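Novice: With the hints in hand, could you dock these two chains into one complex?
One letter stands for each residue in the lines below.
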Amino acid sequence: MTWVADHIGDILWYAGQHTLLAGIPLIIGLIIALPLGWVARRYSKLYGFLIAGSGLLYTIPSLALFILMPLILGTRILDTLNVYVAMTLYTLALLVRTVADGLGAVPDSTRQAAVAMGFTGMRRLLKVDLPLAVPVIAAGLRVAAVSNVSIVSVASLVGFPQLGYYLTDGYQRTFPTEIIVGIVGCVLLALIFDTVIRAGAWAITPWQRVAR
Amino acid sequence: MLNSIGGWLTDPAHWTGPNGIPQRVLEHLIYSGISLVIAALIAIPLGVIVGHSGRAKWTVSLANSLRAVPSLGLLFAVALWLGPKIASSLAYVIPSVIVLVLLAVPPILSGTYAGIQGVDPAARDAAKGMGMRGGEVLRKVELPCALPLLLSGVRSATLQVIATATIAASISLGGLGRYLIDGLSVSDYAEMASGAILVAALALVMDGILSIVQRTAVSPGLTGKFRNTRDNRPVVTTTARGDASDPASPTDRADDQREALV
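Here the protein sequences line up with chains B and V, keeping their order. Residue numbering for the first sequence follows the numbering used here, beginning at 2 and increasing consecutively. Residue numbering for the second sequence follows the numbering used here, beginning at 36 and increasing consecutively.
Note that these hints are calculated values from the structure, not bench results. Fair warning: there could be bad hints in the mix.
To be verified - The calculated label-pair distances, taken between Cβ atoms and stated as ranges, are:
#, chain 1, residue 1, chain 2, residue 2, range
1, B, Trp203, V, Thr51, 56 to 64 angstroms
2, B, Asp170, V, Leu101, 19 to 27 angstroms
3, V, Pro47, B, Thr76, 27 to 35 angstroms
4, B, Ile205, V, Ala48, 57 to 65 angstroms
5, V, Arg174, B, Val197, 42 to 50 angstroms
6, B, Pro108, V, Arg174, 33 to 41 angstroms
7, V, Thr251, B, Phe176, 44 to 52 angstroms
Claimed, not checked - Footprint (simulated), chain V over chain B, 3 or more residues, beta carbon under 8 angstroms:
#, region
8, 63 to 74
9, 144 to 156
10, 174 to 184
11, 188 to 199
Keep in mind that this is a model prediction, so the values were computed, not measured. Just so you know, even glycine gets a beta-carbon here, dropped at the ideal spot from N, CA and C.
Okay, chain V solo, but in the shape it has when bound (with noise of 0.2 angstroms):
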């Protein structure tokens, strides 16, 4: 089985035209792109919104309860919906996309604002009293001290797209999926396990480069490292407060305050 995969692989009909794997590539990384921008313009303004002033929390939960939603439902309800309205080669392209997006909004959306919600008030106080503006505030302070939350909620919203892009194939979209739809209708394993592998590897890639980007874009301060190099106390006081009743999303900060314990 491993000989026809590699065999599949090594082929080089596979790899050039219009079914080739560099298109294929191409085509899975464009349509996830597309959809994670769009994503991020809805997700990250609304989110910085709603941690800022506290209202309309509601967006929040309603985007969360949105994940319970089969993704593979959602794709199908909106491309028998709106395929036959689009007359265009984009029948397939534009539902997918629209999923995508209602995909990836939940989770940059609660990132948004769950780090700027948990921006420290001491920080925002210290900002005002130096003369910064609320422009400013924001820019300089509230959105650093988000990013690692918001760029975990970019992280997990991509693996999100590159997965679903993959069944998307099977509504006629491009991409790796293709190879995974294609193959299973005519039982051809050697196809379908090719393609599989050459989207486990995308994913893998995807999620390497944006925790490199979430490594470098993360300022100092907030990672621990800066601090912990300068005073060895360990921080008993912000672990201890830790409360085991609230179930938020462990971060990348929380990570750091046990090593320091440790």
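Chain B extracted, bound-state conformation (with noise of 0.2 angstroms):
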């Protein structure tokens, strides 16, 4: 616990890092995956080759995609380049199908009378289907945030400064303390990612309170 307390401004720069490193995608991501993840469902013939395609990015091993990523984007193998854009692949690969089964997931009754009322195209998506998805898409997000947070610590086997610098400073260094201080810091920012959405979510669905 001293050892915390003496360490706890590094501590939080280091958290503040983790939070970038696994934030930042999760936003750009995000904006992406909706046109995407859209597409797949206006075009049924698309569906499958963006969910499959998003789907393979998934199954890169995190470390060997750090790795690998500058041979794609000619960057140095320690620019932080590299760790976003592998971040944003990832969130990808989970988002494009959750916004597109969100955006399936909405009643045909409602598209329906949504239609009725004079709803045409890109105004029944952003008035009706989209936040009709939130939900959906929130519970993906929140999948994509806390799986971020995890494989982010892998890129301090690289040598990338995160929460994950405690867990193979403290394996080195055989300290217990620094392995269990990026534990929990990982577990904690998890944590806050998954309720910062959940808030998100529960704020711009008012709807779901009434129904409940």
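Specialist: Next up, the structure:
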């Protein structure tokens, strides 16, 4: 505990790095997944292709993807861009399917009612379909957030500073306190991400509260 | 950069001996296979019991909350704690296998549980009405009905295990991760990138094999392919019932319902 108190500044800095490395790809991934998911849902021929394609990304082990990124991006091995792009790909892998399924779960009767009320094309998507898909998309986003926080810690093996540093350093120095700090930090961070996403989804879906 | 990777991969010296590619692939498959079998032996019976009885659901939520623990942290913690207690050459293997099992149990458990729990009660009643006994209902109706979700659990567990077996090289485990970790420690990019390509290929191949297994093992009565050829009624009722507030993981069955609608 004294070790934690002595190093609280460092711990918070690493936690901040971890938040950026896991959080920014989550936001970018969501922004890219929304149109892709919509396309997959709208054009059924593309559904299989987009879902299978994004799913394949998730099969690539994280350490391998971090190492292969410089080859694809032309960056140096320790360029943080590698982690941002790799994590965005993982987020996409999970979210394209979620968005497509969320839009698909909008009841047909609701959609028809919206059409009857004069909602067309883009306006129906933004005002009816997308809001109703929020609970499903938020659920997928929560899974992606927890998985991102865990995967980012692997990047410490390559040498990117974040909470995973305490795991590798603690192991190399045979210092269990550091490993515990790393694990607890990651779990707490995952919990914070989860809470924020749940609160956000709760705030933008007021009808869910009335219905229950 | 690509030339050096190509050179590394085609160098005959890297294809023989204890540090050769075939040996490393074999090690990777053995560690992953052992861990998956142990995990399946724990998770499938447990999932069947919990899904069937509806009791002890906390085991599923406990296993799922374990997923928030970073696998790298789990690996180092178990290795540091157990490693010194094991004197033999298994000092790295046993902690790694324990962690791999811990990581493989949650997806298989929740897949089996969700599969068994989601069996249509009408199918269960029909089986009883036909005179099947408890064990028979389980073997002939519930397990086949649960198979799609059970197998997708096994599939994601497999990917998780292959990925984590790779980073287990950092606690001196063999397997393809050796090239990545050893390459990193001496800044040999050709070695680590070649290892990364091999691991990614292994993961893709295993996932492909499992998706074929999934396709062939699941009864045609469940996939909807059989039903759709017989009658072309749009399955509007089942899709409209789809509860938007239920974040249940999408299943293959849901896909087929969607196809029927479109």
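Novice: All hints are to be evaluated individually against the structure, with a verdict given for each.
Specialist: Here's how the hints hold up against the structure:
Checked against the hint of 56 to 64 angstroms, the pair B:Trp203 and V:Thr51 passes, with Cβ atoms roughly 60 angstroms apart. About 24 angstroms separates the C-beta atoms of B:Asp170 and V:Leu101, a value consistent with the hinted range of 19 to 27 angstroms. A beta carbon spacing of about 31 angstroms between V:Pro47 and B:Thr76 agrees with the range 27 to 35 angstroms that was offered as a hint. Here the CB-CB span from B:Ile205 to V:Ala48 is close to 59 angstroms, well matched to the stated 57 to 65 angstroms.
Distance hint check: the CB atoms of V:Arg174 and B:Val197 are about 45 angstroms apart, consistent with the given range 42 to 50 angstroms. About 37 angstroms separates the C-beta atoms of B:Pro108 and V:Arg174, a value consistent with the hinted range of 33 to 41 angstroms. A beta carbon spacing of about 50 angstroms between V:Thr251 and B:Phe176 agrees with the range 44 to 52 angstroms that was offered as a hint. Only when three residues or more bring their CB closer than 8 angstroms to a CB of chain V does the claim for the region 63 to 74 of chain B stand; here the count is 8, and the claim holds.
Given as covered by chain V, the region 144 to 156 of chain B passes the check, having 6 residues with a CB less than 8 angstroms from a CB of that chain where 3 are the minimum. Residue count for the region 174 to 184 of chain B with a Cβ under 8 angstroms from a Cβ of chain V: 6. That meets the three needed, and the coverage hint holds. For a cut-off of 8 angstroms, the count of residues in the region 188 to 199 of chain B with a CB near a CB of chain V stands at 3, and the three-residue condition holds.
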